[in-house]
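Peer 1: Listed below are the residues making up each chain.
There are 2 protein chains.
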Amino acid sequence: MKKKDFYFKLTTKFKKARLGKITTSRGIIDTPAFMPVGTIGTVKGLFVDDLINTGSQIILGNTYHLMLRPGTKILERFGGLHNYMNWKKPILTDSGGFQIMSLSKFNKIDKNIGAIFRSHLDGKKFILSPEKSIKIQKSINSDILMVLDVCPKLTNNRKTLNNTIDISTKWAKRCKIEFGNNKKKALFGIIQGGLYKDLRIDSLKKLINIGFDGYAIGGLAVGETQKEMFKTVKNITNYMPINKPRYLMGVGTPADILGAVKEGVDMFDCVMPTRSGRTGLAFTWEGKVNLKNSKYKNDKSPLDSKCNLRELNSYSKSYLNHLIKNNELLASMLISLHNINFYQQFMYEIRKSIKSRTFNKFYNRYINLFY
Amino acid sequence: MKKKDFYFKLTTKFKKARLGKITTSRGIIDTPAFMPVGTIGTVKGLFVDDLINTGSQIILGNTYHLMLRPGTKILERFGGLHNYMNWKKPILTDSGGFQIMSLSKFNKIDKNIGAIFRSHLDGKKFILSPEKSIKIQKSINSDILMVLDVCPKLTNNRKTLNNTIDISTKWAKRCKIEFGNNKKKALFGIIQGGLYKDLRIDSLKKLINIGFDGYAIGGLAVGETQKEMFKTVKNITNYMPINKPRYLMGVGTPADILGAVKEGVDMFDCVMPTRSGRTGLAFTWEGKVNLKNSKYKNDKSPLDSKCNLRELNSYSKSYLNHLIKNNELLASMLISLHNINFYQQFMYEIRKSIKSRTFNKFYNRYINLFY
Chain A
1 MKKKDFYFKL
11 TTKFKKARLG
21 KITTSRGIID
31 TPAFMPVGTI
41 GTVKGLFVDD
51 LINTGSQIIL
61 GNTYHLMLRP
71 GTKILERFGG
81 LHNYMNWKKP
91 ILTDSGGFQI
101 MSLSKFNKID
111 KNIGAIFRSH
121 LDGKKFILSP
131 EKSIKIQKSI
141 NSDILMVLDV
151 CPKLTNNRKT
161 LNNTIDISTK
171 WAKRCKIEFG
181 NNKKKALFGI
191 IQGGLYKDLR
201 IDSLKKLINI
211 GFDGYAIGGL
221 AVGETQKEMF
231 KTVKNITNYM
241 PINKPRYLMG
251 VGTPADILGA
261 VKEGVDMFDC
271 VMPTRSGRTG
281 LAFTWEGKVN
291 LKNSKYKNDK
301 SPLDSKCNLR
311 ELNSYSKSYL
321 NHLIKNNELL
331 ASMLISLHNI
341 NFYQQFMYEI
351 RKSIKSRTFN
361 KFYNRYINLF
371 Y
Chain B
1 MKKKDFYFKL
11 TTKFKKARLG
21 KITTSRGIID
31 TPAFMPVGTI
41 GTVKGLFVDD
51 LINTGSQIIL
61 GNTYHLMLRP
71 GTKILERFGG
81 LHNYMNWKKP
91 ILTDSGGFQI
101 MSLSKFNKID
111 KNIGAIFRSH
121 LDGKKFILSP
131 EKSIKIQKSI
141 NSDILMVLDV
151 CPKLTNNRKT
161 LNNTIDISTK
171 WAKRCKIEFG
181 NNKKKALFGI
191 IQGGLYKDLR
201 IDSLKKLINI
211 GFDGYAIGGL
221 AVGETQKEMF
231 KTVKNITNYM
241 PINKPRYLMG
251 VGTPADILGA
261 VKEGVDMFDC
271 VMPTRSGRTG
281 LAFTWEGKVN
291 LKNSKYKNDK
301 SPLDSKCNLR
311 ELNSYSKSYL
321 NHLIKNNELL
331 ASMLISLHNI
341 NFYQQFMYEI
351 RKSIKSRTFN
361 KFYNRYINLF
371 Y
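Chains A and B are the protein sequences, given in the same order. Here the first sequence is numbered in this note's numbering, starting from 1 and rising by one per residue. Here the second sequence is numbered in this note's numbering, starting from 1 and rising by one per residue.
In isolation and in its complexed conformation, chain A is listed as follows:
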C-alpha cells in the first residue's frame, strides 16, 4: 500500500472552533487532537495497546530527552522510535527548545551556532543547532517535526522577545532547508512573541513567509495565567492560515484545551494526565479527584462507572486511595490510564459537539470544572 502524503483537511467549523483530519503515512489524526507525551519512548505507565484503546492517534516524543537516552545511534538501528517502542501510529517530535530552557543547565543561545547546554542528567555538554535538531528528529523518524526555536521564560521584556523572534525565525529557515522536501512528513513552525499580540503576529508572518506544514504557538504554558493564555491564543489564531493545523504546545488541563479549541486550535500535548496519574490526581467528568484524600478511603464508587477499559470501572476510589497511599505501581498504572482515557474521551466529545453544533453547551458546562 502506498504511503499517504501529509495532509490537513478542515471538515467543519463552529464559530472559530475547528473540526479536521490530519492524514499521515502512519494513520489519521482527528482534530482537535490530544497527544500523550512519550518522553523517552514510553508514555509513562501505559502499555502501548492500552494507549491505542484510549483512542490516542498520535503521541509526542521529546527530542531533548531522546538525544540523551537512548540516543540516535540506537534509534537509527531500529529505524526510528516507532519500531523501538512498538508504537505504529504517528509521532510528533518537539525540537528540544523547550527542554533546553526548562531542564538543561548553563544553557546559552548562540544565534549563529544554536543552543549550547549541559545535560540535566550528567552535565555533559551538547550543542543543538537547527540542523542537528532536524537530523535527530529524522533519526527518531517522526512524522511531524518541529523547528528549533528559542523558548524564553515568561517575560514582558519586548527587547528579549523581539530578539527571540529574530533568532527563532533564522533557525526556522535553517530547519526548513535541513528538512528538505518530504511530502510524507511535516515540518511545523513555532510562533513566539510572549503575551504581545503585535509580536506574535510579527513572528507568525515571518514563519508564513518561509512556509510550513503547520503552525505551533510556543512560549506558553510557562507560568502565565489561563486568562493570559486564552487571550494570547485568541489574538493570534485570527491570523493563522486556515488550511494548516494549529498546535498549542504543552497545554494543558481539559479546560485549557477547551478554551483554546474555542479559539481555533487543533492540536495539544501535555504531561498532565500521566504526571497527575502518578501522584493520584484523576480527571473525571465530575472534575478533579485527588485520590490521596482520605475522604475516599471508604468510597466504593469507581472514577468512571461507564469506562470498562481494562476493567477501570471495577476499581473503587477506596482501592485506588489504598494503592496510591502505599506507592503501589498499580496506582500509577490505573490512574494514568484513566486520565489519558479521560482526555481522549474529552477530545472525542469536543469533536462531536463541534460537528453537532452543540460546542457552546459543552464549553459552558466544562470550562470551569477543572479548577
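Take the hints with a grain of salt, since some may be wrong.
Since the list can't tell identical chains apart, any single copy or any two copies may satisfy a pair.
With a straight-line Cα cutoff of 27 Å, these simulated DSS-like cross-link-like pairs (lysine-lysine) come out [to be verified]: (1) K355 - K325; (2) K159 - K297; (3) K325 - K105; (4) K325 - K138; (5) K184 - K88; (6) K244 - K170; (7) K153 - K4; (8) K89 - K206; (9) K227 - K89; (10) K352 - K132; (11) K4 - K89; (12) K300 - K352; (13) K183 - K15; (14) K9 - K176; (15) K21 - K295; (16) K185 - K205; (17) K4 - K297.
By construction, these hints were calculated from the structure, which means they are not laboratory data.
We have chain A; now place chain B onto it with these hints.
Peer 2: Structure of chain B alone, referenced to chain A:
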C-alpha cells in the same frame, strides 16, 4: 450455581512428582501450582486481567500486610479482598507468622497470647493471636487459610526448634477451633522443624492428629542452601498425607520449584518474579537475563519470541534495557508480567511433563538453568 466444596484430587504421579487439581468455590487450581504474591492487594505491577491471562489460578495475600493496610474494616466493607482488588479467583492467605519474624520490630512470642510485635511502618503495637489471625483471614475472605505458626530464623538449635514446634502445634489447634467447620474453605497446617528430619516428622504427626485440609512446609526460604532445602523437603514429603495438597511456602526460583515438585510438592508462592521484574531481572527458557547489563543495549531480540501476551514479544532487550536504566514504570510492568507469565508457563510444562511421563527429561534440562 451451588458453590463447590474445597477438594483435592490427585490425578497422576510420576515417581514422587504429583499432578492434581484443587477445587474451590471460586475455581479450579491445577497443581503443581505457582501462586503470585499480592502483598497488600495487588500483584505488584500487574493488571488483574493480565494476571489471569498468564494462567494464574490463585494468588496469595499477606495477612500481616493486609491487617496494617488497608485493614480489616475496609476489607469487610467490600466483603473481602476479592471484591476489593477485583480478583475473582481463589486467594490463599498466609497467617502473618513469616512477616512477623522477617519484617516487624521487637517481635515477641508469648505462647499463651500469640505474637506481639510492632508494625514495620509506624511502630504501632499489635498482638496477633491464633484466633485473631484466623479472624483476619476470614475478613479477607480467603479461600485457603493458614494457621498462625512460629517461624524461626534459620537455626540448628534443636531446643529452639522443638519449642517452635510445641507452640506452633498449640496455636494450630486454636486456629482449627476458630476456623470451625466450613467446607467451602480450607485450613492448612504448617510443618516446622528446621533442617532436621525427625523434628519435621514430629511436627507433621502432631498436625495430622489435629487434621487439616492441606499441609505446608514452613520455615524454609530463610537462608538455607538449595541442597538443604531439597533434602528437608525430600525427607518430609515421604510422610505427608497423599490425599492432601502440599505447599512449600515462599519458594522460589523456577529450579527450586522444579526440585521440590520432584519430591512431591504441589503448591508454591514467591515474590521473586515481580521483585526481580522491578530490578530488571528476567526469567526465560534460556536462563536469567539481567536487563540492566549494557550488553543488551543493542540487542533486538525479545525475551521470548513466542510470547504475544500484551505484545511482550514486540519489545526488544535493547528497549527494556533503556527503560530499566531510566527507571521507567513500563520496565517494571513489562518485566514483571513477563516473569509471572514465564513462571506459569514453567508450571504448565511441569504439569504436562508429569502427565506425559517426561518429567525426568524436563527436570534434567532445567534444574541447573537458573543459577
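Peer 1: Of the numbered hints stated previously, which ones are contradicted by the structure, given in increasing order?
Peer 2: Hints 1, 2, 7, 8, 9, 10, 12, 13, 15, 17 not satisfied by this model.
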